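Colleague: For reference, the chains in residue letters:
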Amino acid sequence: MASVSSSSHLNKTVRQQYMSLPQGQKCQVTYIWIDGTGETLRNKTRTLDTEPQSIEEIPEWNFDGSSTYQAEGSNSDMYLIPVCMFRDPFNLDPNKLVLCEVLKYNRLPAETNHRASCNKVMEKVKEHHIWFGMEQEYTLLGTDGHPFSWPPNGFPAPQGPYYCGVGANSAYGRDIVECHYKACLYAGIKICGTNAEVMPSQWEYQVGPCEGIEMGDHLWVSRFLLHRVCEDFGVVATLDPKPMKGNWNGTGCHTNVSTKEMREEGGLQYIEKAIDKLGKKHPEHIRVYDPHEGKDNIRRLTGLHETSSIHDFSAGVANRGASIRIPRQVGQEKKGYFEDRRPAANCDPYAVTKAIAITCLLEEEKGAK
Amino acid sequence: MATSASSKLNKAVKQQYMSLPQGEKVQAMYIWIDGSGEGLRCKTRTLDSEPKTIEDLPEWNFDGSSTYQSEGSNSDMYLIPAAMFRDPFRKDPNKLVLCEVLKYNRKPAETNLRYTCKKIMNMVENNHSWFGMEQEYTILGTDGHPFGWPSNGFPGPQGPYYCGVGADKAYGRDIVEAHYRACLYAGVQIYGSNAEVMPAQWEFQIGPCEGIDMGDHLWVARFILHRVCEDFGVVVSFDPKPIPGNWNGAGCHTNFSTKEMREDGGLINEMWESIEKLAKRHRYHIRAYDPKGGLDNARRLTGRHETSSIDEFSAGVANRGASIRIPRSVGQDKKGYFEDRRPSANCDPYAVTEALVRTCLLKEEGEEPANYSK
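As given, the protein sequences belong to chains V and R, one line each in that order. Position 24 of the first sequence, counting from 1, maps to 24 under UniProt numbering, and the rest follow consecutively. Position 197 of the second sequence, counting from 1, maps to 197 under UniProt numbering, and the rest follow consecutively.
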């Protein structure tokens, strides 16, 4: 029997009786932020007197940074600045989820607040209308740390039948996927699809197309929803890029990119130019494609299991072993987008999208001057 | 898993009965603090129609010899309704009624600290004292072990749990969510909630409340929490140090401001003056900050785990190791409120708020509270 949490055994009918209590005019707002690890989310809730209609109506807040690896106890207050609001699929309307940027005591961005600098870059390149779509892979684990539904102290049959599979011997944990999808739709996250992945208990969902800063915002909140849905079911979602050693797939966050020019007739030339520029900055990108400057991705980007090697940069049409893949239909229509397959599942989407925007769009402007 | 037998009773069956109409009759549940100063008791009576205000609720009485409050030979004690709320368990039109306890001679019971608190708050009405209290607590299974912890064992060390999300970080969120909604329904001034540093430890905040309301709302919030946990089959503990060793304790940080502190320049004048007076009266406050005169807090206020040491008084901006913390935003705006981090999770909020008013507003000094009755 898979190991699920005690919390998940609490009576949900009892819970529902409370959750259906009317709340008058009051509104619960849950503030969400990224902690000092750069990959973990934190949250806390407050009551507002009325439903906020826009992000401007949501007040700044603060929290104890010494409890989130972000500050010392003697000077621990850190600021939460609301940046993006969504409907709350757990507490339901009129309640809200609010993604926040973290500022230090001196009002400068916290070390893991990559949104601040990403936003500046996206502002600079806004006339290019850069669109992103990120493919978030993840693995479900039991509370014992073993992949969900794998035999305890053991392994399922080798990879092959699981990708997009159906049936109890192929799809492990679909309930989580279905609930997460609905929660994202309710919340207003731009979730565009989902599928079972190559390793059993591994899944993927895609968020996009999002323009500019929106990509990071929507992806981070979709991750919060994933962790929260898994918590309700009593299992754990891990974004570790190589959860199982050996002949088992890793987990990535393939990032699809296009600009207005790439999407128009003859756009392929701009795609090729961009890939050319990316090829010259491979180590710089690898450093920001996971939260540990590439050390996480080393375990995943081996050149096997549909990855490129971390040491080499490569690109090709329909080539899943390359760093950059150009989808076959884009190769045919000579316009569209390209897919950077290097980012790890636990990457910070702000760091990833910022690096891509700088390399593909800002470097060119610098060169043109 | 250690949840109670009661929690396994069929809740659909329960719902069938709870949805029966009740005509004009109203159930009023009277709530009071027992002889321990920490435990809550309750019993219910039927009224012929919905009470609109507290004055519509009759006095009642109970057997004090069964609540550590009197001898059997002279056991009747009085329940005097003090504050009324909507009942989130039985729902409208039914009520929860917080009561003061009087002895047979109509004097306040030993653990009825509301009586004196109200007198003190009346004396300083014009200062508009506002309070916000941050109630920390730990969820336990019926075996007394923290909920969600491995039996006969411990989870991974503190670090990932504060404000955490995920089944490996947040233990028992259902209770927190249910409690929050129940408080909103009841009309309790619940300000917010978050997961705390130790797994299975949580916090909710009540406020801002003026004067006597602080104690009333916090006690009713605690009652609602006990009742919600009872429904889920787990137990809430307000013990200030439930697990010895490298695990956080549970406090009830108390935020305080007066009208003057909230106005421009409030920090320089009123606030620092108040903090200086508090510095000179540390032992009096420690005695008021848990139900055992400081003995409970001695296990919690060690100087580690974001506490100050029980033996020393300190104050500082954004300093969570101090007795009094001035929030950074207040340090910048030069007005607002300060946070007294000393009260224990099982404190009596009437005692805590009264002590703050006596020292900061009535400017008392020395180890004993002044006697104003003439």
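Everything labelled a hint here was simulated from the structure, so no lab data went into it. One should not assume that every hint holds.
As the list claims (entries may be wrong) - Taking CB as the label site, the calculated pair distances span:
(1) R:P58 <-> V:Q25: 51 to 59 Å
(2) V:S74 <-> R:Q22: 52 to 60 Å
(3) V:H292 <-> R:C42: 38 to 46 Å
To be verified - Over the 10 Å line for every Cβ pair with chain R, so calculated as not near, a few chain V residues:
(4) R15
(5) Y18
(6) L21
(7) K44
(8) D64
(9) L108
(10) N119
(11) K182
(12) E231
(13) G234
Everything numeric in this text was worked out from a predicted model, so none of it was measured. In this text, a Cβ means the ideal position worked out from N, Cα and C, and glycines have one as well.
Colleague: Now tell me if each hint is right for this structure.
Modeller: The hints, checked one at a time:
Hint check: R:P58 to V:Q25, Cβ distance near 32 Å, so the stated range 51 to 59 Å is violated. Under the hint 52 to 60 Å, the C-beta atoms of V:S74 and R:Q22, about 57 Å apart, fit the expected range. Checked against the hint of 38 to 46 Å, the pair V:H292 and R:C42 fails, with Cβ atoms roughly 54 Å apart. The claim that V:R15 lies off the interface is violated: its Cβ sits roughly 5 Å from the closest Cβ of chain R, which falls inside the 10 Å cut-off.
The beta carbon of V:Y18 sits about 3 Å from the closest Cβ of chain R, which is not more than 10 Å, so the claim that it is off the interface is violated. In this structure V:L21 is not separated from chain R by more than 10 Å, as the shortest Cβ-Cβ distance comes to only about 4 Å. At the 10 Å boundary, the C-beta of V:K44 falls inside the reach of chain R, the nearest C-beta of that chain being 3 Å off. With a least beta-carbon separation of about 6 Å from chain R, V:D64 fails to lie farther than 10 Å from that chain, contradicting its non-interface assignment.
In this structure V:L108 is separated from chain R by more than 10 Å, as the shortest Cβ-Cβ distance comes to about 13 Å. Against the 10 Å criterion, V:N119 stays outside the reach of chain R, whose nearest CB is about 23 Å from its own CB. Every C-beta of chain R lies more than 10 Å from that of V:K182, the closest at about 18 Å, which supports listing it as non-interface. The claim that V:E231 lies off the interface is violated: its Cβ sits roughly 5 Å from the closest Cβ of chain R, which falls inside the 10 Å cut-off.
Not every CB of chain R lies more than 10 Å from the CB of V:G234, the least distance being 5 Å, so the non-interface label is violated.
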